[in-house]
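Chemist: Make a model of the complete structure from these sequences and hints.
Quick note, the sequences are listed as chains A and B, same order.
Residues 1 to 80, numbered by the UniProt record's numbering, are exactly what the first sequence covers, in order.
Residues 1 to 418, numbered by the UniProt record's numbering, are exactly what the second sequence covers, in order.
Hints are computed from structural coordinates only; laboratory data are not their basis.
Just so it is clear, CB atoms sit at the ideal spot from N, CA and C, and this is done for glycine as well.
Misleading hints may appear alongside valid ones.
As the list claims (entries may be wrong) - List time: in silico DSSO-like cross-link candidates among lysine-lysine, alpha-carbon distance up to 30 Å:
#1 B:K251 with A:K24
#2 A:K27 with B:K235
#3 B:K251 with B:K235
#4 A:K14 with B:K251
#5 A:K14 with B:K169
Stated by the list, open to error - Just the calculated beta-carbon pair ranges, DEER-fashion:
#6 A:D64 with B:K293: 43 to 49 Å
#7 B:L12 with A:D64: 40 to 46 Å
#8 A:G59 with B:N243: 23 to 29 Å
#9 A:D64 with B:K160: 16 to 22 Å
#10 A:G59 with B:K48: 23 to 29 Å
#11 A:Q36 with B:K160: 30 to 36 Å
#12 A:E68 with B:D330: 23 to 29 Å
#13 B:G355 with A:Q36: 36 to 42 Å
#14 B:S297 with A:G59: 49 to 55 Å
#15 A:E31 with B:P45: 34 to 40 Å
#16 B:E84 with A:G59: 24 to 30 Å
#17 B:Q300 with A:E31: 42 to 48 Å
#18 B:D360 with A:D64: 35 to 41 Å
#19 B:N213 with A:I66: 50 to 56 Å
As the list claims (entries may be wrong) - A short, non-exhaustive set of chain A residues, derived as facing chain B with CB atoms under 7 Å:
#20 P19
#21 V23
#22 P45
#23 W54
One letter stands for each residue in the lines below.
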Amino acid sequence: MSNAIQADKVMDLKGLPCPMPVVKVSKGIKEVEVGQILEAQTTDPGSLTDFPAWARTSGNEIVDTIQENGVIRIFIKRNV
Amino acid sequence: MDAKTRDDLLQLFQSKLNRAMTYYLETCTRCGVCTTACHVYQSMPQAKYIAAYRAEIVRRIYKKYFKGQGKVWPSYGEAKELTEMALEELYEAAYSCTGCRRCMVYCPFGIDTQMIMSIAKLLLVGAHAEPEILTLLADTSIEKGKSIEFFKEGFLQGVKNLEQQVVEKWKLEAEGKTVIPVDVEGADLLYVALAGAHSIIPAAAVFNAAGENWTLSFFEAVNFGAFVGDPTKTKLILDRIVNEAKRLKVKEVCICECGTAYRVMKQLSGKQPFEVSSVTEVHARYIREGRIKLDKSRFQGPVTYHDPCQIARNGGILEEPRYILQHLTDDYREMAPDPRYNYCCGGGGGLVALGEETLDFRMKSARVKAEQVQKTGAAILATACENCHTQLENLNHHYKLGMNVQFLTSMVADALVI
Ligand code: SF4
Ligand code: SF4
Numbered sequence: 001m002s003n004a005i006q007a008d009k010v011m012d013l014k015g016l017p018c019p020m021p022v023v024k025v026s027k028g029i030k031e032v033e034v035g036q037i038l039e040a041q042t043t044d045p046g047s048l049t050d051f052p053a054w055a056r057t058s059g060n061e062i063v064d065t066i067q068e069n070g071v072i073r074i075f076i077k078r079n080v
Numbered sequence: 001m002d003a004k005t006r007d008d009l010l011q012l013f014q015s016k017l018n019r020a021m022t023y024y025l026e027t028c029t030r031c032g033v034c035t036t037a038c039h040v041y042q043s044m045p046q047a048k049y050i051a052a053y054r055a056e057i058v059r060r061i062y063k064k065y066f067k068g069q070g071k072v073w074p075s076y077g078e079a080k081e082l083t084e085m086a087l088e089e090l091y092e093a094a095y096s097c098t099g100c101r102r103c104m105v106y107c108p109f110g111i112d113t114q115m116i117m118s119i120a121k122l123l124l125v126g127a128h129a130e131p132e133i134l135t136l137l138a139d140t141s142i143e144k145g146k147s148i149e150f151f152k153e154g155f156l157q158g159v160k161n162l163e164q165q166v167v168e169k170w171k172l173e174a175e176g177k178t179v180i181p182v183d184v185e186g187a188d189l190l191y192v193a194l195a196g197a198h199s200i201i202p203a204a205a206v207f208n209a210a211g212e213n214w215t216l217s218f219f220e221a222v223n224f225g226a227f228v229g230d231p232t233k234t235k236l237i238l239d240r241i242v243n244e245a246k247r248l249k250v251k252e253v254c255i256c257e258c259g260t261a262y263r264v265m266k267q268l269s270g271k272q273p274f275e276v277s278s279v280t281e282v283h284a285r286y287i288r289e290g291r292i293k294l295d296k297s298r299f300q301g302p303v304t305y306h307d308p309c310q311i312a313r314n315g316g317i318l319e320e321p322r323y324i325l326q327h328l329t330d331d332y333r334e335m336a337p338d339p340r341y342n343y344c345c346g347g348g349g350g351l352v353a354l355g356e357e358t359l360d361f362r363m364k365s366a367r368v369k370a371e372q373v374q375k376t377g378a379a380i381l382a383t384a385c386e387n388c389h390t391q392l393e394n395l396n397h398h399y400k401l402g403m404n405v406q407f408l409t410s411m412v413a414d415a416l417v418i
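Modeler: This is how it looks when you write it as structure tokens:
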């Protein structure tokens, strides 16, 4: 697997029911320091719209998204 | 609480006082019939979990500020001031009620406790005392609606990646068409799913097997504005889908297995140039019209069905899931009491979305649901709502029910005769 960005914390959110991916990532982001990177791994296409919308709403930033082998890896920088 | 905040909150209260609400607030005779109707009280018999007691917390504030009697003589009729402490009581009342409306079916006056609790929820939103995560989820949905162009490409790519799974599992091509079509103007049916692949893949298999001219929505069906009780946000979230349906000129908007999404779309979208249906209704229609065939031998053991409150009691869909199940099993076990009086799973009203935070309460307050399910002796517990499914899985684990909890849509997809 290519790994463009080194994450400070990785969360496996694959196959979780609605709305747990966003609920868990909202908690998870508080477990990294401001400026650090959280990697969220999912298999849900909805995450590709939900996570960027959540990042805008919560003031954080998606710095990269990689889709490989059916897994979606979303790299989020904690800004607030 | 300062005077300005109180005034603002009372204005919100006032905005809820339509005829039906006034009737509900002024009618209770404290007959007590609703006491054992509530699954929370039945599972945890404490006065604060009685439907009429919850309502009384709102009613006392109503008496204090909106009824002549309370204004003049607050001690008469137990009028109560709106204070920080009252907000705490409102929180406890509103977020221990799942909005299932079982109490309403029993009340001789048809008092709708869920509707009274919507005042409590709105006051909490106004005081910024609501569960933060529900507002964040609602705001995320609204943000998505505003900037869909920005997110489109990623979503389309994500959906493309699912198509292979549909083709591989069901050996199903969509007759030269895209397996999971998105953004198709002139499609007959707009399917509004949830974010999860499990809400899209089986549904796609069934639509394609039935030869449906369909398209997948960019938006998730669930409405967190409704869970948190914020009418403005509820409308903004709903409008994303209404506008998409109009833009694509579809004839039907089909809501996935999500009770709240279905109720909100069906009851609050107003008159539109499209019909609103649940995926359960659509699947029943396909079977009736001979557009899909199901293999009854696919699932072994007795099957029971949990009616999601927002789809059955509050949405009127009772026959369709049973019709589908007739085509999936010869051993269907109905729960007792009958579907109109079915117990809530214990996860509605935003409680499941609050996750771990509410898990202990959800398990304790739904003991009667676990017992109701267990008494059927079924091996498979089917349902048609994401929220219910999560809660029933949690109950299955907590009470060691040993059941196989299934989405009805997935059962239909897995039993397709291609
Ligand atoms: S059943 Fe109706 S009238 Fe009787 S106590 Fe309950 S809410 Fe009040
Ligand atoms: S709506 Fe349901 S959870 Fe709420 S008080 Fe009535 S029976 Fe209980």
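Chemist: With reference to the structure, classify each hint as holding or not holding.
Modeler: Results of checking the hints against the structure:
no. : hint                          : verdict
1   : B:K251 with A:K24             : 37 Å, violated
2   : A:K27 with B:K235             : 27 Å, holds
3   : B:K251 with B:K235            : 21 Å, holds
4   : A:K14 with B:K251             : 34 Å, violated
5   : A:K14 with B:K169             : 19 Å, holds
6   : A:D64 with B:K293: 43 to 49 Å : 46 Å, holds
7   : B:L12 with A:D64: 40 to 46 Å  : 42 Å, holds
8   : A:G59 with B:N243: 23 to 29 Å : 27 Å, holds
9   : A:D64 with B:K160: 16 to 22 Å : 19 Å, holds
10  : A:G59 with B:K48: 23 to 29 Å  : 37 Å, violated
11  : A:Q36 with B:K160: 30 to 36 Å : 32 Å, holds
12  : A:E68 with B:D330: 23 to 29 Å : 45 Å, violated
13  : B:G355 with A:Q36: 36 to 42 Å : 23 Å, violated
14  : B:S297 with A:G59: 49 to 55 Å : 54 Å, holds
15  : A:E31 with B:P45: 34 to 40 Å  : 39 Å, holds
16  : B:E84 with A:G59: 24 to 30 Å  : 28 Å, holds
17  : B:Q300 with A:E31: 42 to 48 Å : 43 Å, holds
18  : B:D360 with A:D64: 35 to 41 Å : 38 Å, holds
19  : B:N213 with A:I66: 50 to 56 Å : 34 Å, violated
20  : P19                           : 5 Å, holds
21  : V23                           : 5 Å, holds
22  : P45                           : 3 Å, holds
23  : W54                           : 4 Å, holds
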